[in-house]
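Protein chains: 2
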Amino acid sequence: MVNGTIPKSYLFLQSALTEENPFITTEQVLDWLQERNKKVKVNIQRVKFSDLDQWKFDEGVTVLRHITGKFFSIEGINVLTNFGNKQEWDQPIINQPEIGYLGIITKEFNGILYFLMQAKIEPGNVNNVQLSPTLQATKSNYTQVHKGKKPTYLEYFVDRSIAQVLLDQLQSEQGARFVRKRNRNIIVKVTEEIDVQDNFVWLTLGQLKRLIRYDNTVNMDTRTVISGIHFGDSNEPIGGRESFSSSMLLSALDSKRGMYSFDDIISWFTQLKLQYDLTVKTIPLSSLRDWVITDNEIRHVNNKYFKVIAANVEISSREVSRWCQPLIQSAQEGLIAFVVKKINGVFHFLVQAKLECGNFDVLEFAPTVQCLTGNYRETVTGGLPFLEYVLSAKKQHIRYDSLQSEEGGRFYREQNRNVIIEAAEDFPVEVPENYIWMTLNQLFYFIKFNNYLNIQSRSLLSAVEFI
Amino acid sequence: MVNGTIPKSYLFLQSALTEENPFITTEQVLDWLQERNKKVKVNIQRVKFSDLDQWKFDEGVTVLRHITGKFFSIEGINVLTNFGNKQEWDQPIINQPEIGYLGIITKEFNGILYFLMQAKIEPGNVNNVQLSPTLQATKSNYTQVHKGKKPTYLEYFVDRSIAQVLLDQLQSEQGARFVRKRNRNIIVKVTEEIDVQDNFVWLTLGQLKRLIRYDNTVNMDTRTVISGIHFGDSNEPIGGRESFSSSMLLSALDSKRGMYSFDDIISWFTQLKLQYDLTVKTIPLSSLRDWVITDNEIRHVNNKYFKVIAANVEISSREVSRWCQPLIQSAQEGLIAFVVKKINGVFHFLVQAKLECGNFDVLEFAPTVQCLTGNYRETVTGGLPFLEYVLSAKKQHIRYDSLQSEEGGRFYREQNRNVIIEAAEDFPVEVPENYIWMTLNQLFYFIKFNNYLNIQSRSLLSAVEFI
Numbered sequence: 001m002v003n004g005t006i007p008k009s010y011l012f013l014q015s016a017l018t019e020e021n022p023f024i025t026t027e028q029v030l031d032w033l034q035e036r037n038k039k040v041k042v043n044i045q046r047v048k049f050s051d052l053d054q055w056k057f058d059e060g061v062t063v064l065r066h067i068t069g070k071f072f073s074i075e076g077i078n079v080l081t082n083f084g085n086k087q088e089w090d091q092p093i094i095n096q097p098e099i100g101y102l103g104i105i106t107k108e109f110n111g112i113l114y115f116l117m118q119a120k121i122e123p124g125n126v127n128n129v130q131l132s133p134t135l136q137a138t139k140s141n142y143t144q145v146h147k148g149k150k151p152t153y154l155e156y157f158v159d160r161s162i163a164q165v166l167l168d169q170l171q172s173e174q175g176a177r178f179v180r181k182r183n184r185n186i187i188v189k190v191t192e193e194i195d196v197q198d199n200f201v202w203l204t205l206g207q208l209k210r211l212i213r214y215d216n217t218v219n220m221d222t223r224t225v226i227s228g229i230h231f232g233d234s235n236e237p238i239g240g241r242e243s244f245s246s247s248m249l250l251s252a253l254d255s256k257r258g259m260y261s262f263d264d265i266i267s268w269f270t271q272l273k274l275q276y277d278l279t280v281k282t283i284p285l286s287s288l289r290d291w292v293i294t295d296n297e298i299r300h301v302n303n304k305y306f307k308v309i310a311a312n313v314e315i316s317s318r319e320v321s322r323w324c325q326p327l328i329q330s331a332q333e334g335l336i337a338f339v340v341k342k343i344n345g346v347f348h349f350l351v352q353a354k355l356e357c358g359n360f361d362v363l364e365f366a367p368t369v370q371c372l373t374g375n376y377r378e379t380v381t382g383g384l385p386f387l388e389y390v391l392s393a394k395k396q397h398i399r400y401d402s403l404q405s406e407e408g409g410r411f412y413r414e415q416n417r418n419v420i421i422e423a424a425e426d427f428p429v430e431v432p433e434n435y436i437w438m439t440l441n442q443l444f445y446f447i448k449f450n451n452y453l454n455i456q457s458r459s460l461l462s463a464v465e466f467i
Numbered sequence: 468m469v470n471g472t473i474p475k476s477y478l479f480l481q482s483a484l485t486e487e488n489p490f491i492t493t494e495q496v497l498d499w500l501q502e503r504n505k506k507v508k509v510n511i512q513r514v515k516f517s518d519l520d521q522w523k524f525d526e527g528v529t530v531l532r533h534i535t536g537k538f539f540s541i542e543g544i545n546v547l548t549n550f551g552n553k554q555e556w557d558q559p560i561i562n563q564p565e566i567g568y569l570g571i572i573t574k575e576f577n578g579i580l581y582f583l584m585q586a587k588i589e590p591g592n593v594n595n596v597q598l599s600p601t602l603q604a605t606k607s608n609y610t611q612v613h614k615g616k617k618p619t620y621l622e623y624f625v626d627r628s629i630a631q632v633l634l635d636q637l638q639s640e641q642g643a644r645f646v647r648k649r650n651r652n653i654i655v656k657v658t659e660e661i662d663v664q665d666n667f668v669w670l671t672l673g674q675l676k677r678l679i680r681y682d683n684t685v686n687m688d689t690r691t692v693i694s695g696i697h698f699g700d701s702n703e704p705i706g707g708r709e710s711f712s713s714s715m716l717l718s719a720l721d722s723k724r725g726m727y728s729f730d731d732i733i734s735w736f737t738q739l740k741l742q743y744d745l746t747v748k749t750i751p752l753s754s755l756r757d758w759v760i761t762d763n764e765i766r767h768v769n770n771k772y773f774k775v776i777a778a779n780v781e782i783s784s785r786e787v788s789r790w791c792q793p794l795i796q797s798a799q800e801g802l803i804a805f806v807v808k809k810i811n812g813v814f815h816f817l818v819q820a821k822l823e824c825g826n827f828d829v830l831e832f833a834p835t836v837q838c839l840t841g842n843y844r845e846t847v848t849g850g851l852p853f854l855e856y857v858l859s860a861k862k863q864h865i866r867y868d869s870l871q872s873e874e875g876g877r878f879y880r881e882q883n884r885n886v887i888i889e890a891a892e893d894f895p896v897e898v899p900e901n902y903i904w905m906t907l908n909q910l911f912y913f914i915k916f917n918n919y920l921n922i923q924s925r926s927l928l929s930a931v932e933f934i
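Protein chains in written order, with the numbering used here: chain A, 1 to 467; chain B, 468 to 934.
One or more of the hints may lead you astray.
What the hints assert, rightly or not - Sample of chain A residues with no beta-carbon within 10 Å of chain B, all distances over it, derived:
#  : residue
1  : Lys-41
2  : Phe-71
3  : Asn-78
4  : Gln-87
5  : Asp-90
6  : Asn-127
7  : Leu-166
8  : Gln-169
9  : Lys-189
10 : Ser-267
11 : Arg-289
12 : Val-292
13 : Ala-311
14 : Ser-402
To be verified - DEER-style ranges, computed between Cβ atoms:
#  : chain 1 : residue 1 : chain 2 : residue 2 : range
15 : B       : Ser-754   : A       : Ser-287   : 52 to 58 Å
16 : B       : Pro-489   : A       : Val-429   : 39 to 45 Å
17 : B       : Ser-722   : A       : Gln-34    : 47 to 53 Å
18 : B       : Phe-538   : A       : Gly-345   : 47 to 53 Å
19 : A       : Gly-383   : B       : Gln-799   : 45 to 51 Å
To be verified - Partial chain A-side listing against chain B, Cβ under 7 Å, derived:
#  : residue
20 : Ile-99
21 : Val-165
22 : Asp-168
23 : Lys-304
Keep in mind the hints are simulated off the structure, nothing from the lab.
We treat Cβ as the ideally placed atom computed from N, Cα and C, and that holds for glycine.
Work out the full structure: start from the sequences and follow the hints.
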């Protein structure tokens, strides 16, 4: 329970509106990350599956897994659906059934909430070091406490007597790559002194959001955690300035002027869930149609989508660590974009109901456009809705545009272009049946109730600034 | 979208507060149902599986299914979990992957909303005829429109130009009996004249709730649909009367005085979802441990839990219809009970996070007590929390107590005792970690966001009266 008199939504909002930080400026964070980056060497060598230490295909090449059965496995699935153009396909997928922790510790200094962020190396990162949550832990990590391998700061997320929970949600990962994977996204607040370790800094939420403007600087795990922050409700008009960011703040707080009510949106979503079927069957990797397993990769016959590669990872900073693991390498860069438009005086986001094979519940809310670039080059004529609009948007309508990495622990140098576009006046309010307009305030409520927004849409929401 | 000036929550509330009905009084409804009941003969004969027309075990007795592959099938599952005392078991389960419609048409007469209810026979009902939604349709029913077998009134639920949607949710069925089954719970409102067919009547919500006081009168499908109705938010004190029902109204509307916030409750639930695992594997019926397949039933070796029986159904009213189907017969009556207590001046319901093997998402909100009586007689000493409290409750604390049927299309004469108990003053506010206190208003919000409350808890909430 939240104690004290200041509502946490107000604390979050104040922090989002603050970029000034006596500990470290935003510029200094960028320098600090660059410096860390220089100090570290990441060497990823592609190897043969047969040389992938600790990892093995089982007999019959059904599945690729760690010899302990821990971490994750690469499995095959057959997908049947009536959503989209493609009604049946096979593909490899990551199966990691355990729920991991993505946790951030916060603390008030002079009335402003600061987030304890970590400069963390991950093997798949384009640029090695990115800003990560205080804690990223798999179940194997956090349950092995008795073996003395306790992840740093874990206790603050577990022991309710030393930290207060501000946010605590189960949120999905990439539905095209993971089978029904979810993480616990959690933010806690401490009041006691806390030992800030070497790779950690205190940042305001305003700084974090500013840093998301930069390519590949704030990692996916941070973005998903902060996307779940609700800034409260207000029906007061927010007057004065008319900037894009102050209009975004209005959209985040306004709980009255949504084009549709929650019931309308839920009804729209219910109807679509009725309409679309998804059947996913586990099948052996060796029997995946249109996929080839070679000595060192599992790839699509036409080199489309992505491949599973075998990597020997060597990371050296002060110490050297070495291990092997499979990684997913995307065939090309992706594009995710929200189109936003003022309706009833409040910015609305154009949300898509999207089916992905690993979704926990068939459909999730996705950005207006979400595709692989290879995909969209093919399908431009096929007409993926709003894709051409996004690709041909005029510069003055592009409000946010950067490259963001997928999780570097599983994905090899995968980055997607993240875009927010303010629609031109004449952009139609009328949209196809799989699309609907929602305010930021409504989106934040749906995030709260879990498993509504997919990770791509959450990544984009994390980038929304109010200053 | 809801048009017009009167909010739908107000319309629902007005109807819930109205028992007077110029079409038919509550007494007359009871008489009418009894009369219908007399006119109908239901003859259920148990037969051998080999005589179950149109139904067959496949080779290897893996599954029992309809020869067309439609309707539903009886499959075997193996369950592994760390929730509760029993960590592994096998059982048969109903697999009915399609989403069905449970729909009610409403219409305003003189400013009051009336619900179009149907006197419907179902083979498994204890007493044959019960009050059902306007429409109960499986996907096979509602997609066979082109074959001329259109379910009555279906068009009002499909065509948005002739009816406005008031409620539209996906809600779960019994997680111990169905694999992840969900139905679309939908209420629409018409303005045009509507042809009221022979077995249908217009009732207020107040009447429906009054009728739920009677044993086996309002069927499960009706109860789940009306349980999803949200009556709005109000922070005005509702003064004057201090009756139980007016206090319930306060709990339904009050959005400020919950002991816990939504975030607190979601955090509690997130923590528990992290803690409890559920792995369900489909296995052949023939290899279910501790279950026996005889000529005419699939039963537990100790005759516990339930059995699958083969039934030849003959229903005669004006015409005679005959068919065969498997039915589930419970080993004994069940008990579901909510304990409610005034906290901060508002009634709170004691909610349990409960794992059932067919749950869509591991855990759902369940009543304070939910068990089979056979179960609880065994486990009284084992100490199912609050069970003894409920069983020994003094008469003046029992606010609601009736027998309610499970869905008669799948369950053979299954009824559960439904109880709401107002806790004595000294009932502890402190509860075990799987339990939490929520106001009715909070519970209604969780229902809105789908798949939080299990069907047993929704059944009890439907019985809450405000007059």
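Now for the hints, and whether the structure bears them out:
1. Lys-41: Its Cβ never comes within 10 Å of chain B, the nearest being 36 Å, so this holds.
2. Phe-71: holds, 17 Å
3. Asn-78: holds, 16 Å
4. Gln-87: Given a closest Cβ separation of 17 Å, the condition holds.
5. Asp-90: holds, 20 Å
6. Asn-127: holds, 32 Å
7. Leu-166: The claim breaks: Leu-166 of chain A does not keep its Cβ more than 10 Å from every Cβ of chain B (closest is about 8 Å).
8. Gln-169: Incorrect as stated: the minimum Cβ-Cβ distance to chain B is 6 Å, not above 10 Å.
9. Lys-189: Answer for Lys-189 of chain A: holds, closest chain B Cβ roughly 12 Å.
10. Ser-267: violated, 3 Å
11. Arg-289: holds, 23 Å
12. Val-292: Label holds. Min Cβ-Cβ 30 Å, cutoff 10 Å.
13. Ala-311: Per Cβ check, Ala-311 of chain A is outside 10 Å of chain B; nearest 29 Å; holds.
14. Ser-402: holds, 30 Å
15. B:Ser-754 - A:Ser-287: 52 to 58 Å: violated, 24 Å
16. B:Pro-489 - A:Val-429: 39 to 45 Å: holds, 43 Å
17. B:Ser-722 - A:Gln-34: 47 to 53 Å: Hint holds: Cβ distance 49 Å, inside 47 to 53 Å.
18. B:Phe-538 - A:Gly-345: 47 to 53 Å: holds, 51 Å
19. A:Gly-383 - B:Gln-799: 45 to 51 Å: violated, 59 Å
20. Ile-99: holds, 5 Å
21. Val-165: holds, 5 Å
22. Asp-168: Nearest chain B Cβ about 3 Å off; hint holds.
23. Lys-304: violated, 30 Å
In terms of the numbered hints stated before, the structure departs from hints 7, 8, 10, 15, 19 and 23, listed from lowest to highest.
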